[in-house]
Structures are given as C-alpha cells and as structure tokens.
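Visitor: Single-letter residue listing:
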Amino acid sequence: MSAVSHQEYDYDIVKICVILGIAMGLVGTFFGTFIASQLAWPALNLDNPYLSFGRFRPMHTNTVIFAFGGYLLYGSAFYIVQRTCHVRIWSSKLAWAAIWLWLIGLVCALLTFPLGMTQGKEYHEAEWWIDIILALSWVLYSLNFIMTIKNRRTSHIYVALWFYLGMMFMVSYIFVFNGMALPVDMSFSYSAYAGVHDAMVQWWWGHNAVGFFLTAGFLGVMYYFVPKHVGRPIFSYRLSVIHFWSIMYLYVWVGAHHLQYTAIPDWTQSLGAGMSIALIFPSWGGMINGMMTMSGSWHKLRTDPIMRFMIVALAFYGMSTFEGPLMSIKSVNALSHYTDWTVGHVHSGALGWNAMISVAALYHMITHLWRPIYSMKLVNVHFWIHTVGAVLYITAMWASGVLQGLMWRAFDDYGNLVYTFADSVAAMHPFYAMRAIGGALVTVGFGIMLYNLIKTLQAAKAEEGQQSVATASV
Amino acid sequence: MSDHKFKLSIPHDNIERNLGLLATFVALLVAVGGIVEIVPPYYLDDAEPAVEGVRPYTPLELEGYAIYRKEGCYLCHSQMIRPFRDEKERYGHFSLAAESRYDHNYVWGSKRTGPDLARVGTKYTDAWHVQHLIQPTSVVPESVMPNYVWLETNVLDTSKTRARMEALRTLGVPYEQGDIDNWEADLKAQAAADDGAGEDDLRARYERNTWVNKNGDVEQWTDSFKPTPLNVRAFDADASDVTEMDALVAYLQSRGNMVHFEEGVDYYHDKFGQPYRK
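For the protein sequence lines, the chains are A and B, in the order given. Position 247 of the first sequence, counting from 1, maps to 247 under the working numbering, and the rest follow consecutively. Position 137 of the second sequence, counting from 1, maps to 137 under the working numbering, and the rest follow consecutively.
Hints should not be assumed to be uniformly reliable.
No more than 30 Å apart at the CA atoms, straight line, and that leaves these computed lysine-lysine pairs for DSSO-like [as the list claims (entries may be wrong)]:
(1) K455(A) with K300(A)
(2) K330(A) with K111(B)
(3) K330(A) with K88(B)
(4) K226(B) with K214(B)
(5) K70(B) with K88(B)
Calculated from the structure, these hints are not laboratory results.
With the rest of the complex left out, here is chain A (with noise of 0.2 Å):
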C-alpha cells in the first residue's frame, strides 16, 4: 500500500539518466575497444596525435566510469530515492541541472583529452575547470538526494540509500582533494601535492573511486533492484547493517596496495595490504546477501534473463572481491603490479560487477519507467554476448598478466635475465587480440541494447498515440 501514486513521482529525470546512460555505455565501451585494439595492432594509432594511444586512454575511461557508470548511479538514485521515501523529489530543477552539468563537463572532458589536456592523474584526468563544472553537478545531486530523503513520508531510511549517501560524501572528499590543482591557464596546471604524497593521494582516489563510486553506489544499485527484481525481501537484514558500516570504513585504507614496493613508507603498504585482506568479509557480505536474496526464485533464471545479469554480476562481485585481496599482499602484487593482471582485475570488477548490475537495473527500470521491454529475446542475446566478451577478456588478461610478470622476473642458470623487456611484449600479442575481441562483443551487446530501448521507446510513443486518439474519439 503505497501512500503516494507514482505520478506523483518525477520520472523524467530518470527517464534521461536511462537513455544517456545505455548510449554512453555503447560509447564508452567502443572506445575501450578501440584502445585494446591499438595495443593489439599499433597501425591503429594511425600516426594522429589526436587518436594516438595515450591521449584516448582517458576518453574510454572517462566515459564507461563517470559517463555511463555516473548516469546509472543518477537514473537509479532519483528513481529509489523517490519510490523508497514515497515522496517527490526535492527539486526537480535541481536534479536537471545536475544532469545537464554532468553532460557538459564529460563532453568537455572528452572534448580536452585528444588535445592532450591532462592533469596527468589517472581517472581524474579532466582539468581544473572541468573538475569544477563536474564537483558542482556532483553537490546538486547529492544535496537533492538528501533533501528528499530529509522529506520521507516513511520513518526507515532503506539500506539502498545509505550506500548511495557513504558514495556522495567520500566522492566529494576524494575528487576535491585529489583535484587540488595550481591552474597555469585553462589548459594547464599542476597537483598540489608532490612526488610520495602526489602517489597517495592520487591511490586515496583511485581506489575510493572503485571503493565508493563504482562498490558503495552500485551496492546500492544491488540492494534496490535484486529484491524488488526477484519480489523477496533481502536475505539479511543484521549482514547488510554490518556490511554496509565495515565497508565504509575499510575501503578507505585500502588505496596504498597500488603502490606495493614503490618509494611510500612501508607501514603504509602494509596498513593498505592488511585493510585489503579484511575488506573480503564485508565484500563477499554484500555479495552472499545479494545470492541468497534470490534463493527460492531460483526458477525464475530459466525464464528471465534480466535476473541473469544480477546473478552472474553478483558471481563476479564475489570473485573480483577474492582477487583484488589476494593482489594486495606483497608478495603476490610484486608478480602481478605493472603488468595486465591489474587490468584484467579491474575488468572482472567493470564488466562482470557494475556492468552486469548496471544493465540489469536499466532494464529493470525501462520497463517500469514506459513499457515491458520491445524484446527479451534481445535482452537474452545481449546477456549472452556480454558475458562470453567479458569471459574473454578477463581470461586473457589473466594469462598474459601472469606470462609477464614471470616473464620479467626470469633468471637463468648462469644468473642472467631470461627475457629481454621486448620479449615480453611480443608474447602479449595474442593476449590482445583476444582482449579486443572479448571487449567487441562487449561493445556489440551494449549495440543491441540501446537498440531494444529505441526500438521500446517508439512502441511506448505509438501506444500513447494510439491512446490519445481514443480518448479523442470518445
């Protein structure tokens, strides 16, 4: 029993946060492949700066993480926020110019990049002012969200919300510190901070940009949908209190294993490896919760491949949260740092964990949000297609992340290097090749689903068409 009629919420603005977030999805991963295909095949680099490998990094980076990734994490907060607090957002003004800001920052950012405009800081590579232009977006949407919820006609705050809430404070902290920059002009300026603390700070970052964006928020993606998806409560209401409150406090730490045996003092490296290895409890609680919320509609996988995609993102979560751990300890990150292995970890996290969920929430609301989806068949083929891509890609990340760290580390009898540098490189080809075509299919599935969502968009207009002419005619 609903106290409030859903039209009284506002679907607009996640309407717009669906729509540009599949396009950007499709962008995003079109990019990452292009890339993957350039370290496959050099030639590719065309000898343009503006396409050269370097400078286009950031634009798929850029785009699948804050574009597609960042649209979700709008679309979804505005529409539980609104369902879960039975009530109207805040500022419907505000949540637009949210949207907008958003917009505009990313395409300047991706405008800037093939200039090579750069602060050099890896996921934080837009300039000074394009940091400004996203910060302001990123306070509007976190201020709207709070307001609502400060307006709630329930007495409960839903689980789903304080994960949303933990990722807005910690990215704001984040991005503000580690954005803190002299400007030399608008295309230019330099971090604030140097050298050792320049590497901590920008790690603090990095992981919290995995930690909070792409874990806390996309739990609370997770806590939403896989419940209402599979019409049961959630498993454990005590695991996600204790989960939720040791995940707040544990990923912060966790930064410094990205600079295992690097010139930071080593009580930091081991404080980062230590909180790595703990942070597996309230991972893997996050991730038992979200399975065991779907135990009993088990049936359901025969027939609905949207709760497809929430298991076999959660299975991901589980194993991505194992591994990154397991990275962490010296002794293995001194194997598996510098070399493909790292890429391979964050893409079992990307495309396994936060796409997988992100496009079972997406379809989830496109059918709430218009009409059922123009086709599950399509829906099928693309969770299919998705995951043989991400299958593919991980795997050969693996392999040749392993190959090289072992290739490097090569001595012969005579205590000589094995390997020359160049080696190495030449046994990664096939890797490559094989990660493009794994990141291709990626792409092509996201292909077949804005497809299905335009395809869904224009029944959902001829409908309304329809209708309008028979209210017309009465």
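Knowing the structure of chain A, use the given hints to seat chain B on it.
Guide: Relative to chain A, chain B alone:
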C-alpha cells in the same frame, strides 16, 4: 523487557530513522583512513628522506615533462623501480622517494606496457630516442608504441614556461628569481639554439650545491658533492629551432642519474638521515 537489559545491541534503529545521525556517522567514518595514511608522511622525516643531487627541472626539461604528461606516456611506462633483483638488472637501483620530490604530478605510473623509464637517462643516445619516438618499430621490432611523428615537426610552445616555473615555485619547488627571469636563455642554451652563449650561465644555475626553498631554508649538499652535469646539446641534432622532440629527449635523458649511488651503500639505512645540511 528484562531480556533487553543484557542484550548487547547498538541502537541501529535510531540511526536508520534519523538522517542527520546517519549522515554524520558516514561522513566521519569515511574520512578516517585517508587522514591516517596521507597526513603523517608530511611530518615524518623518514617518509621522504633527503638525498643529494635531486634538483628542480631546467626549463627545457620542464617542458619535456609537460609533453610526457600530455602524450600520456605515464599510462604505459612506469618511473618507479622496485627493490627486486630483476628490476635492478633491467633498470638499475630502486627508486628513492626523494627522486620525485619536485614532480607535481608524480609520474610513477601503474602499468608497464613498455619498460620503466626512471633511469633511462644516458642509457641510449639522443639519436636512438629520436628514431624510436618517430618510429619505435624501426629500433624495437616488437614494440606496440605509437609513432610520435609530430614531435620533431612541432616547434616547442614556450608561452607557458615562465608561468609554469612560477606556479611550481608557489608550490614549493626551489626556483630562484634568477632561474625564472632567465628561463628563455636557459631553455635555448640547453637545446644549443644559442651558439653556446648561455651555456655557462645555465650550468651555474642548475649544477650547484645550494638551493633555497620557499621557506627561505638553504638546502646545502656536502661541499665535495659534484652535481651531475646537465645535458646541453641539440637533442634532435638540429640546433636551428627548439622542438617538442628536443624537450622530451632532454627530459628523458635527465631521468634517474641525479643521485650518485655508491657501490656497497645501503640507501635505505646508511645514507639517509645526514645527506645534507639545512
């Protein structure tokens, strides 16, 4: 009711019903880890032990660094050698924290699609670098690096050099007024675009044992320490102009040989602590 008395329970229900409480707890909790890990290294002396020889970049090297960042070199090349036997064999002595103390931003990187560059300086000739940057496969057939064909034809944009040095001085890099005022002469002198007229002045400014940082503190290396000589020449073999190639090669050739490592010295324990007087 009496059951409740002995039950260890956190009143989570209150938190879930009170937005202010929830938001405050979350906002405080997520701040802890970062503060504990990031702030102390600024105050602990052994987090970035000082070492003799590390100097700020010359104007030409500074422009080279900007190109390194602009072209995204750091995405495929690390500049952080780890203390392992294979890395020592392949790249040289492990990197010290102090070696990147003037790098706003740090360029340690996170991935080695290509090899580490922390000590690539003087390992190859200028001609090798120029050839390699224009067409990597012509010297390393296995390479997957893009051809940087435009570096040699692009004349270096020096409109920001002075502003860059001033910005870095604001951030604490010990450039003196003379270093900044003479940026153009120094830049041309290092690329040998001035018929050798400014070379002595350039060397006097950057091959020295005393630096005054922004706090006015004098950093004085031991008198016997001989700073590594600057590389002064037409890096792209063409002294008629200063190109992006000149700047990038000058930067690369400066990598990693400012600190003089002595055989048999353990730089973690023996050397740190008293390398120079303040």
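Visitor: For a C-alpha distance cap of 30 Å, please report whether K70(B) and K88(B) respect it.
Guide: It holds: about 29 Å lies between the C-alpha atoms, which stays within 30 Å.
Visitor: Taking 30 Å as the top limit, are the C-alpha atoms of K455(A) and K300(A) close enough?
Guide: Between K455(A) and K300(A) the Cα gap is close to 25 Å, so the pair holds against 30 Å.
Visitor: Quick one, are K330(A) and K88(B) close enough, alpha carbons at most 30 Å?
Guide: Distance of about 18 Å is within 30 Å: holds.
Visitor: Check whether the Cα positions of K330(A) and K111(B) lie no farther apart than 30 Å.
Guide: Measuring from Cα to Cα gives roughly 17 Å; hence the hint holds.
Visitor: With a cut-off of 30 Å on the C-alpha distance, tell me whether K226(B) and K214(B) pass.
Guide: holds, 24 Å
Hint compliance for this structure: every hint is met.
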